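**Q** As given, the protein sequences belong to chains A and B, one line each in that order. Residues are numbered in this note's numbering as their position in the first sequence, beginning at 1, plus a constant of 30. Residues are numbered in this note's numbering as their position in the second sequence, beginning at 1, plus a constant of 30.
Hints may contain errors.
It does not matter which identical chain is used: a pair holds within one copy or between any two.
No farther apart than 35 Å at their CA atoms in a straight line, the calculated lysine-lysine pairs in the DSBU-like style are these [what the hints assert, rightly or not]:
hint, residue 1, residue 2
1, K83, K58
2, K39, K97
3, K58, K73
4, K73, K39
Bear in mind the hints are in silico, worked out from the structure with no lab data behind them. Quantities reported herein were computed from a predicted structural model and do not represent experimental measurements.
So you can see what is in the structure, the chains are spelled out below.
Number of protein chains: 2
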Amino acid sequence: MTLQIQFGKRVREIRNSHGLSQEALAYKAGIDRTYMTDIENGKRNVSIQNIEKIINALELPIEDFFKSPIFLNH
Amino acid sequence: MTLQIQFGKRVREIRNSHGLSQEALAYKAGIDRTYMTDIENGKRNVSIQNIEKIINALELPIEDFFKSPIFLNH
């Protein structure tokens with residue numbers, strides 16, 4: 031599984047664990063809602079500037095974001 | 031410090047610890063050498079597909095890549 035797909039899965043997992051809607055997370059991150067949908071579905075080659083916005087909006091250290099079985103092959 | 035700048039610093043740190051030249055890492059990752067220079071200098075809004083290539087070429091788990099004091103404000 032590519033990192034792009036894993037990233038989307040992890041965003042969705044954390045967003046759901048925070049009880050946030052996709053729309054609420056997109057708004058908080060300053061990212062278009064439809065773009066956020068594509069990111070979660072692994073359909074966008076997301077840039078590091080947008081990665082930063084999303085991880086900040088999820089309010090967890092980046093180290094914890096990437097500490098997940100989702101990323102085990104990387 | 032932005033994640034873009036931190037990412038470049040961390041790539042450089044690990045590359046040096048492996049005794050790899052910038053050219054060797056660029057070749058291994060399949061990325062243009064001048065583009066790799068810009069990435070290490072925090073000058074490129076690098077995409078997740080290129081992040082994947084670079085971290086794979088550095089041969090460490092992505093979790094370990096982001097486990098560093100460099101990323102402490104994220």
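**Q** Against this structure, judge whether each hint is valid.
**A** Structure-based check of each hint:
no. : hint      : result
1   : K83 / K58 : both (9 Å within a copy, 29 Å between copies)
2   : K39 / K97 : both (13 Å within a copy, 20 Å between copies)
3   : K58 / K73 : both (21 Å within a copy, 25 Å between copies)
4   : K73 / K39 : both (11 Å within a copy, 28 Å between copies)
In summary, this structure violates none of the numbered hints.
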